[in-house]
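> We have chain A already, so just place chain B on it with the hints.
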Amino acid sequence: MSKFTGVWAIFEYLDETTDTIEQVREQGVQPTVITPCPRHEIDHALGNPISSVPWIALAFGALGCFIGFSLPAWTASDWVLPVSGKPIVAIPPFTIIGFELTILFTAIHTLAGLAVLAIIDSFRFPIPNAAKKYPRFQRDRFGVVVRCDVTKIEEFEAIMKKNGAEEVHIEKE
Amino acid sequence: MGTSAEYDATAGRVIIDEHKGHPGIKATTLSYGQINDEMLAMLDKPRPSYYLLLLGFLMALGLGALSLAIQIDVGIGYSGISHPIAWGFYITNFVFWIGIGHAGTLISAVFYLTRAPWRTAIYRSAEAMTVFAVLTAGLFPLLHTGRPWLAFWLIPYPNERMLWVNFKSPLVWDVFAVTTYMSVSIMFFMLGLIPDLAILRDEAVRKGNKLKAKIYAPLALAWHGTNHQWMHYMRGYLIFAAIATPLVFSVHSIVSWDFAMSSVPGWHTTIFAPYFVAGAIFSGLSMVLTVLIPMRAVFGLQDYITNHVIQSVSKMIIFTSIIVGYAYATEFFIGYYSGSPFERAIFYYRPFGEMQSWTLLGDSRINFPQIAFWLMVFCNVIAPIPLWRWKIRNNPLAVWIIAALVNVGMWFERFNIVGSSLQHEYDPASWGEYWPTIVEVGITVGSFGFFFTLFALFAKSLPPMAIMELKEATIPPMKNAAKGH
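Line by line, the protein sequences are chains A and B.
Counting with this note's numbering, you get residues 1 to 173 for the letters of the first sequence.
Counting with this note's numbering, you get residues 1001 to 1485 for the letters of the second sequence.
If we strip away everything but chain A, and leave its shape as in the complex, we get (with noise of 0.2 Å):
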């Protein structure tokens, strides 16, 4: 059952979508936009958003460094094998077991905290059922949804329409 109230309409052209998004913030309202592929477009549009996924890879690429150098120094530390009176716990070596760690760390929270991100943002940024399930925007068409009161409905779907979408749908909760 769709909590949605608001406009959304389909799109053939990327320009008539990029109209769109911008007409619909110059009222105050931040559209969610559905496209087939990223466009830079689309992103200048919303007014250029930015992801935090990149705080997330550096924290845990940093946890990562940590836990590459302190493992290796500690297990060293833990079993001495003395060899040739060279250091127990040495940094040279371990910077490899450091670096891939970063790595290692770096990439699987990057995934995580990307996949976490975006369904936060889905409930953030509902967008209804029925544009979930059409099939032609991984295909080649563009969506704008709107989300707003009953009495703003008229005035975006005046939008879209002026703008050349090719269905407009209004859904009310």
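A hint or two may mislead.
Some residues of chain B that are not near chain A, with every Cβ distance over 10 Å (derived) [what the hints assert, rightly or not]:
#1 L1052
#2 K1212
#3 F1448
With beta-carbon atoms standing in for the labels, derived distance ranges [as the list claims (entries may be wrong)]:
#4 B/G1339 x A/S52: 51 to 61 Å
#5 B/P1274 x A/S52: 28 to 38 Å
#6 A/T95 x B/A1086: 23 to 33 Å
#7 B/K1214 x A/K3: 21 to 31 Å
Derived EDC-like pairs: lysine to aspartate or glutamate, alpha-carbon spacing no greater than 16 Å straight-line [what the hints assert, rightly or not]:
#8 A/K132 x A/E171
#9 B/K1460 x B/E1038
#10 A/K161 x A/E22
#11 A/K133 x A/E171
#12 B/K1479 x A/D140
#13 B/K1479 x A/D19
#14 B/K1479 x A/E12
#15 A/K161 x A/D19
#16 B/K1026 x B/E1472
#17 B/K1479 x A/E41
#18 B/K1460 x B/D1044
#19 B/K1212 x B/D1044
#20 A/K172 x A/E155
#21 A/K172 x A/E154
#22 B/K1479 x A/E166
Derived by calculation from the structure, the hints in this document are not laboratory data.
The structure displayed is predicted, hence computed values, not measured ones.
Just so you know, even glycine gets a beta-carbon here, dropped at the ideal spot from N, CA and C.
What follows is chain B alone, placed relative to chain A:
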């Protein structure tokens, strides 16, 4: 010439107008719907020739599995590996297959960061090759241990013996490097697949194929292509590319240190890391062409994998061939210049065999390392020379033959490094000779069967080209074409 693009004197570089398409890649002028249809057509019911090919790969895989079973059952003594040659075909295969994987990461990560437009059509297949090659490579060190069921001892975990792995050993570095590389490659590959799996899901819905829709729906991880999903996805993809780039260079460097950290003549050299990395990219790119040129012909993908794409990969092959050839020459020069009789001896032994006198005649008896050496020189240094000519680079059959030769040459290069130095170390009393046994040959053939079986299954079950990226590279649908951003 095959391609030309407008040169912008103010910017000082060639500008490719994305609203006109790439001049060398016809697919950049196709519509989104066309790309979808043509890519999905590749996943239709295969022709009988596909099953025939798959049967051949499965037979090779079966031979490998049988040999593997014999090897594990009888023990490592059944191989030709014995004192003083402890590293033979298995380690050669390990180094070779890890190298094959490098091209995929290079194409998917390094050329993504450098925005090379020709990578789009081939990166998915190359990335799949990385995953399959690393899976293949990973089998060999485990097998080489002789008791693969105890391979978990390589992992640092608390145990009742209170022992830890030795983090100062290059072999432990290798465990970390290869497992990290395998994990990151698989994650990178799966990440790239998510939007395409959503395409497969929705196309199945559109065409009323309920079974396919049910299979692809959970795999697509609720992907809808919203701007929020794309924002996190693209940022994550960029991070993956950024971390995979140093990773790809580190992995084969670390593999090379398995050799270079020893004091064995012919191995103990600082040139090994860049030499191995260049060789890995060289062999990997050749494998990409060896597989993709026939695939292009079978599926009719000339609009996607254009001659421009083949030429671009060929240029990288020329570049890495020069580095590899230079490394061979440097090894010989340093062998001479070091003044070390052991270094000089090994670099005499590799091309000419036993040193009976200070003439270039050497031993009249041919050893395996001599065969490996001359095949290596011919296939890796001489065979790629014709690629300097545009006409050759523009001929897919000629490029395929050269790429296949490079694959052969790179396998023998790995063997030349692994096998020859151990046969002739310091003390002549402990010199030896190595010839592989039938199980080693069987497992080697099986490794090719394993790799190609996985690739053949992949090519028919998942989109072998990144549909989403092909769309990104093509001209977007604009009502007012003059309007761009």
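> Give a verdict on every hint.
Against the structure, the hints come out as follows:
Even its closest Cβ contact with chain A, about 34 Å, leaves B/L1052 beyond 10 Å, as expected for a residue assigned away from the interface. Separation of B/K1212 from chain A is adequate, the least Cβ-Cβ distance of about 12 Å exceeding the 10 Å criterion. The Cβ of B/F1448 lies farther than 10 Å from every Cβ of chain A, with a closest approach of about 28 Å, so its non-interface assignment holds. The given range of 51 to 61 Å is respected by B/G1339 and A/S52, whose C-beta atoms sit roughly 58 Å from each other.
Separation of B/P1274 from A/S52 is about 37 Å and conforms to the stated range, judged on CB atoms against 28 to 38 Å. Against the hinted window of 23 to 33 Å, the Cβ-Cβ separation of A/T95 and B/A1086 comes to about 28 Å, which satisfies the hint. Range check, B/K1214 to A/K3: about 25 Å between beta-carbon atoms, so the 21 to 31 Å window is met. Our distance criterion of 16 Å between C-alpha atoms is met by A/K132 and A/E171, whose separation comes to about 13 Å.
The hinted pair formed by B/K1460 and B/E1038 meets the criterion: a straight-line CA distance of about 13 Å does not exceed 16 Å. Proximity of A/K161 to A/E22 is assessed by CA-CA distance (about 14 Å); at most 16 Å being required, the pair is judged to hold. The straight-line distance between the Cα atoms of A/K133 and A/E171 is roughly 14 Å, inside the 16 Å bound, and the hint therefore holds. About 14 Å separates the Cα atoms of B/K1479 and A/D140, which keeps this hinted pair within 16 Å; it holds.
About 12 Å separates the Cα atoms of B/K1479 and A/D19, which keeps this hinted pair within 16 Å; it holds. The straight-line distance between the Cα atoms of B/K1479 and A/E12 is roughly 8 Å, inside the 16 Å bound, and the hint therefore holds. Note on A/K161 and A/D19: the hinted pairing holds, with a Cα-Cα distance of about 12 Å set against a maximum of 16 Å. The hinted pair formed by B/K1026 and B/E1472 meets the criterion: a straight-line CA distance of about 14 Å does not exceed 16 Å.
Taking the CA atoms of B/K1479 and A/E41, the gap is about 14 Å. The hint holds against a cut of 16 Å. Between B/K1460 and B/D1044 the alpha-carbon distance is near 8 Å, which keeps this suggested pair within the 16 Å criterion. Distance restraint check for B/K1212 and B/D1044: the Cα-Cα separation of roughly 12 Å lies within the 16 Å cut-off, and the hinted pair is therefore satisfied. Pair hint A/K172 plus A/E155 holds up; C-alpha atoms about 15 Å apart against a cutoff of 16 Å.
With a C-alpha separation of about 12 Å, the suggested pair A/K172 and A/E154 falls inside the 16 Å cut-off, and the hint holds. Annotation: proposed proximity of B/K1479 to A/E166 holds, straight-line Cα distance about 13 Å (limit 16 Å).
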